[in-house]
Amino acid sequence: MAYNFKEEMNKPERFAGGHRLCAGCGAGVMARNVLRAIDEDDNIAIVNATGCLQAATFSYPYITWEDSWIHSAFENAGATCGGMEAAYRALEKRGKVKEKYKFLAFGGDGGSYDIGFQSLSGAMERNHDMVYICYDNEAYMNTGIQRSSSTSRFTDTTTTPAGSVVPGKPQNKKNLTEIMVAHSIPYVGQTTFLANMKDLNEKTKKAVYTEGPAFLNVLAPCTRGWRYDMADLLDITKAAVETCFWPLFEVENGKYKLTYEPKKKLPIEEYLRPQGRFKHMFKKGNEWMIEEFQKEVDLKWEMLLKKCE
Amino acid sequence: MGIKDRLSGNEATAMAMKSMNMDVMAAFPITPSTEIPEQFSQYVANGLTDTVFVPVESEHSAMSACIGSQAAGARSCTATSSNGLALMHEMLHIASAMRLPITMACITRAITGPINIHNDHSDAMSSRDCGWIQIHAEDVQEAYDNYIMSVRIAEHKKVLLPVMICQDGFITSHAVENVELLEEEDIRSFVGFYEPDYYLLNPELKVAMGPYDPPTYLMEHKRQQAEAMIDSLDVIKEIYDEFGKLTGRYYDLIETYKIEDAERIIILLGSSAGTAKIVVDELRSKGEKVGIIKIRSYRPFPGKLIREALKSPKVVAVLDKAEGLSSIGGPVYSDVCAALNGNAGFKIVNYIYGIGGRDVRTDDIHEVFADLQDDIDGKESKAKTAANYRYLALRE
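Top to bottom, those sequences are chains L and Z. Under our numbering, the first residue of the first sequence carries the number 2, and numbering increases by one thereafter. Under our numbering, the first residue of the second sequence carries the number 2, and numbering increases by one thereafter.
Among the hints, erroneous ones may be present.
Claimed, not checked - Here are a few chain Z residues that face chain L, going by a calculated C-beta distance under 10 Å:
#1 Lys-19
#2 Asn-22
#3 Met-23
#4 Ala-46
#5 Asn-47
#6 Leu-49
#7 Asp-51
#8 Met-92
#9 Ala-176
#10 Val-177
#11 Glu-178
#12 Asn-389
Calculated from the structure, these hints are not laboratory results. Glycine included, every Cβ here is placed at the ideal spot set by N, Cα and C.
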C-alpha cells in the first residue's frame, strides 16, 4: 500500500507525549515514527538499551511507552530481545501465548556500535525474529557527549576535544550498517527522518514484517552534542542525506538498493557548518580537515554506489 | 516411586531441567558446567524436550536472554561456573531486582587470577550480595533435588527471587554417584506451571520493567527485595517439607551432624561436608565430642538456625573455600560471626581451605579438630597464620 502521510500521522500514539527528551532531539522522533509504522492491531514487545531514550521515557513511575517494554542494561539489548523472542516461541508452541508478537530493540550508537556490539551480533547471527534499531547520534550523549566508534573524524566531543594539537576525534566512523549486512540477515536498512517520514516508515515496515532478524540504522541528531538550533533538526538530517554523508539504502537478502539518490550531491560543508561540534574545522588553516572529511564521504559513497549497481 | 540411576552432578542437573520441561534455556560453555548445556542440547536434538535452547555468545548474554525470557513469561534457566558467573555479575543484580525467578546451576570453580579450572567457592561467594538465593549441595542427589525444589522456591509469590543452585565443580559435577530420580510426571505436578502475575507477553495487561529509579523510590524497592529474601527462609522450609513428603528426602536450610553434645564444631558447605562427616564418625568412635553444621542455604543466610544449633560448643571452626581477601577472614566466617552478634560465648576461628582445587582430605579435617582441641586446652595453636584467621593445607 502506498505511503499516506496523513494516515500514518493520525494513527493512535504508541509513544506518548510528556517524556523527558530534549526539544530538538532525534531519538524521540525516531521512536515515535518507528512505532507508527507498525500495524495498529499488532502486539509488540520492546527492549531498550540504557541511554537517553531509556532514561527519558521511563523514570519510575512515569512511562511513555504504550506497549510492553523492558530495559535491563546498556550492552545487552540484542540478547535481552533474543531471550524475549525465544520465550515467545516456547510459549506459543505450548499454547500459553495465543496472540502474535513482534519484537523491537532500541539502542543508541554507544549501545550498538560499542558496548552492545557483541550482544547485537550474537542476536542477529542466532536468527531471532526481531528488529534491532540503532538510533545513531554519534556519541555517548546520555553521559555527556563522549566519543564512540560511531563518532566521525574531527568531531569535537568531551573525550576528543578539538585542541591546539589534536583536532577532535582522530579516527573515522565505524560502518555498522555494513557490518550488519555481513551477518547475512534478511533485511538491513539505513535511514533517517526527512520531512514526510516516508523512508523511515517504509524501512521499518519491511524490517518488522520480514521474518527473521533485521537491522535498522537511523541517524538521529542530538541538539546538545551536535550543537545545532533545536528547530533545525530536519534540516540537519536532510543535509546528511543530500551530502551523501548518510545515504539512504537497504539490503534485502544481500541485494543492495539506494532508496534515495540526491539529484546534486551537496558539498559536505552544508552538513558540517550548522553544527557546533565541527566549528573548529571552519577556522582559517583548517581547510584540510574539511577536505579530508569530504574524501572519506566520497570514498564511502562510491563504494556504496558500486554495491547498488 | 523413584528411579535408581548412576549420574554425575551435571547429568543429574540436565536431567532435572528436562524433567521440569523448562520453557527456555540460554547458556554458554564454561568448564566444569559445560556438560549441562551439552546434554540439554542433546535432549533437544533428539526431540526429548521441546524447550527452546538459546546458544548465546557469552554468559553476559546468557543471563540477559534469561532476563528477557523470564520477563516475557517463560520459565528460564542457565548454567555456568567461575568467570562465567563473574561476567554475569551485573545481570545477576538486575535479575533479582526485577524479581525474576530464574534458576541457574552454578558449578563452582575458582575465578581466574591466575586461571584455574578446579573447585573452590570464589565464584559463588563473589555473587553473594546479588540478591540471589544460593543453595549448596553436598552430593549429586542434593544437586538434583535442590534444582527441582528451587524452581518452586523462586516462583513462590512471597519470594520471586532467582536461585543459584550450587554444586562443587568436578567433585560433584563430574563424580558419578547413585541417585534416585523422580518420575517425570511427579516432578511436573510438583513444580506446576509458571504463572506470573506480570509478564511482557500479556496483551491484556501491558507492563514495563526496568525503570530509572530515582532516590525517592530505590530505597523502598531494595527493602522489598530484602523482605523477599527474609521471607524466603520460611518458604524454603515449607517447600523442602512438601518435597520430603513426595520423596522421603527431608531437607532443612542447615544440616547438623552429631552436634548435640559436641564441644568442637566445624561449619562448612558443599562437598567437603561428606569428608568431614567421615572424620566426625572416626573421632566419635574414640569418644571425642565433635560435629559439623553444613550450610545448605547460604542466601538467605540461616543465622537463627545456626545460632540455635550452636548450643554449647567450646570452639567452632568456620571453613571458607574462598579467600575473601578482607584481611579478617572468609565470607562464611563473617556471616557466622554476624549471626552470633558478638554474643557467642565461645571461640570462633576461620580456615581458608581447598582453594583452586587443593585436595581436601580426611587428614585435613582431622587437623582442624586437633587444632580446636589445642584451642580448648589453651595450647598455642599449631595452625598456620594468625590466631583466628587460619589456613588449611597451605604450603610454607
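Hints breached by this structure
When the structure is compared with the hints, numbers 1, 4, 5, 6, 9, 10, 11 and 12 turn out to be violated.
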